[in-house]
Amino acid sequence: MTAIGDFLGLALSSLTPILIAALASKYAERSGATNIAIDGMMLLSALAALSFAYATGNPWVGLLAAIGAGVICALLLALVAFGLQSNLIIAGIAFNLLAVGLSFLILQSVLGAAGNFSPFGVTLLPRIEPAWLEGVPVLGEMFRRQSALVYVVIGVTLAISLVVDRSAFAVRVRAVGEAEEAAEAVGVRIWLIRTVALAISGAGAGVAGAYLTLSSVGSFNPGLTGGLGFIAFSAAIFGRATSPGIILASMLFATFGALVIYLQGMGLFNYQLLQGLPYITTILALASHGFHRLRRERFETTETTSMPVIVPRG
Amino acid sequence: MKDVATRRRPGGFGLMDGAAGAIRIVPLGVRQSAVALALGLAVCLIIIFVVAESPWDASIAFVTGAFDSAYAIGTTIAIATVLGVTALGSAVGFRAGVFNIGPEGQLLVGGLAAALVAIDAPGPGWFVAALALAASAMAGALWIAVPALLRVTLRCNELLTTLMMNYVAAAVTLFLVNSYFRNPDAGAIETLPIAPDRWLFRWLAPSNANVGILILIALAAAIWFWLGHTKSGMRMEAMGLQPAFAQYLGIRSDLYLVGAMLGSGALSGLAGGVAILGISHVFQDGFSPQYGFLGLTVALIGRLHPFGVVAASLLYATLITGATAMQTMADVPFALVYILQGILILLVTSQRIAKVQR
Chain A
1 MTAIGDFLGL
11 ALSSLTPILI
21 AALASKYAER
31 SGATNIAIDG
41 MMLLSALAAL
51 SFAYATGNPW
61 VGLLAAIGAG
71 VICALLLALV
81 AFGLQSNLII
91 AGIAFNLLAV
101 GLSFLILQSV
111 LGAAGNFSPF
121 GVTLLPRIEP
131 AWLEGVPVLG
141 EMFRRQSALV
151 YVVIGVTLAI
161 SLVVDRSAFA
171 VRVRAVGEAE
181 EAAEAVGVRI
191 WLIRTVALAI
201 SGAGAGVAGA
211 YLTLSSVGSF
221 NPGLTGGLGF
231 IAFSAAIFGR
241 ATSPGIILAS
251 MLFATFGALV
261 IYLQGMGLFN
271 YQLLQGLPYI
281 TTILALASHG
291 FHRLRRERFE
301 TTETTSMPVI
311 VPRG
Chain B
1001 MKDVATRRRP
1011 GGFGLMDGAA
1021 GAIRIVPLGV
1031 RQSAVALALG
1041 LAVCLIIIFV
1051 VAESPWDASI
1061 AFVTGAFDSA
1071 YAIGTTIAIA
1081 TVLGVTALGS
1091 AVGFRAGVFN
1101 IGPEGQLLVG
1111 GLAAALVAID
1121 APGPGWFVAA
1131 LALAASAMAG
1141 ALWIAVPALL
1151 RVTLRCNELL
1161 TTLMMNYVAA
1171 AVTLFLVNSY
1181 FRNPDAGAIE
1191 TLPIAPDRWL
1201 FRWLAPSNAN
1211 VGILILIALA
1221 AAIWFWLGHT
1231 KSGMRMEAMG
1241 LQPAFAQYLG
1251 IRSDLYLVGA
1261 MLGSGALSGL
1271 AGGVAILGIS
1281 HVFQDGFSPQ
1291 YGFLGLTVAL
1301 IGRLHPFGVV
1311 AASLLYATLI
1321 TGATAMQTMA
1331 DVPFALVYIL
1341 QGILILLVTS
1351 QRIAKVQR
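Chain order of the listed sequences is A and B. Mapping of the first sequence onto the working numbering: position 28 corresponds to residue 28, and the numbering continues sequentially without gaps. Each position in the second sequence, counted from 1, maps to that position plus 1000 in the working numbering.
Simulated from the structure, these hints should not be mistaken for laboratory data. Each hint should be verified, as a subset may be incorrect.
Stated by the list, open to error - Footprint (simulated), chain B over chain A, 3 or more residues, beta carbon under 8 Å:
(1) 81-95
(2) 228-242
(3) 279-289
Quick caveat: nothing in here was measured; it's all calculated off a predicted structure. All C-beta atoms, glycine included, are put in the ideal place defined by N, C-alpha and C.
Using the sequences and the accompanying hints, generate a full structural model.
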């Protein structure tokens, strides 16, 4: 029982950054403003979280700084995509490369660290010991000493899937994504909706970045995310940009992420080979997404192929 | 590939539904590349002036570092060779309407294949080197085969799958070297060194400038001829511009798509082989300072034209050598190259800048 609980605890802490980044990016994906720069935003906000938490001594300021950094990154991306009229996906990829370079530069020139920034004595986010789960077989171990951010993310997840999804904003987002011209005709400002959606995605990536540096080890290096942002992005695609879908997809990826850590700890498999497992899972998930899409389309009657037959009476 | 054009949602942005092949890169003129380079370098100089203690020395090192000595020039040419070959691969992909952002992974497996062949195969040096380069190209093609097949059978967007294959390549090459081919005497994770008679011939020794530059020029000429003057090349380009229309004309789009992707992967793999046999002479962790991603930028600056790519690779290589010199002489990190790369991609694909110029 303890082993199951420990594994689920590991899965929960792997789930947190993927879930919040993927769920927050769903409005961007829905509105047709695909945010592929989640990874770069996560990286820069992880750095912002650590350095602000270190400078002020308060990890919650670090979290706010991370969210701010994520939103600023998203607004910059929106500015480039809608202002300079670059393709959003190419701009996103360029932004990811830019983020790696920028984090190197800040690390070496501003913080004076060679390749790894681990400030001494930085306060991390508090870990919560839920007393009321004490002694409950599996849940007790699962929630033991999880970061406070885990509870924040659970709360945000509930808020998004129960409240925001039913708001007028969510409807506008879908309208912009599915019928751009119709939305424009009724006076929805498309660029504004897309920019706000991107900013939400940036905020989610910011929380994920803060989780990476402020939950267990207060250390940053430019390879910190290791493609986690792309895994979150794939979770959003695989979950078809719906809240339940994204939650399930994130759970799947997090389970494999936790499996890697768990098997590494047992020393059963080769460490380097295991590192590739989450990415192979992602490719398989995308393949199955494609397979189901093909099947769906095969049985779908398109707009023009079926005409209602009206038989005149008499 | 059927019905791609009609399946696209009116928004046309999202990756979620039937988005494979939604991105088209259209070359945007020499002046756009020049404007992008000028603006990008200006941003770099601003960063240098903010960051460095002695900005003048740093910027002079950045701009002239590549021409300081014969050795620096040789290093620049060696780097340009690798960049150019992988950028040709990216350019072929882009022109076929493929967004292959996995050249880094293809380069890694290509480099490992070249190293393994060059270490073990018997025979005269030049023959083994040629064999190793062929192996690297094959490995690169093999590495993109999975994304290519997923693209034509299940319409999986190659953007994400090729990207994921980068991480898989890093894990798998490290695993193979560490478990089976590791040099027991070396501290780092690396293979046995390659015997000097199997290196690509260095015509400016002791620098690493090698005969690979001839391979690059020959490849560029061949690709230029193929795209502009052969039936299959033109068909591929038509498929890249308008897949549905090409299909309507009777061009077998899927076949050309897979061919272009395999070719793109093979060129990136070959670049890995050239980097191993021409520069590092051993496969080690981190032998590529992101050549694959830099090659994407070079392909865009070179306007996806084979000779433009060669010129852009020489230009970008001078910046890389300059940044290395700057890092040793002044306190500005090499990472400036990566920042420049991101800015260049943004500017070179901006439609707004293109409009201003007209």
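Tested hints:
| no. | hint | verdict |
| --- | --- | --- |
| 1 | 81-95 | holds (count 12) |
| 2 | 228-242 | holds (count 6) |
| 3 | 279-289 | holds (count 7) |
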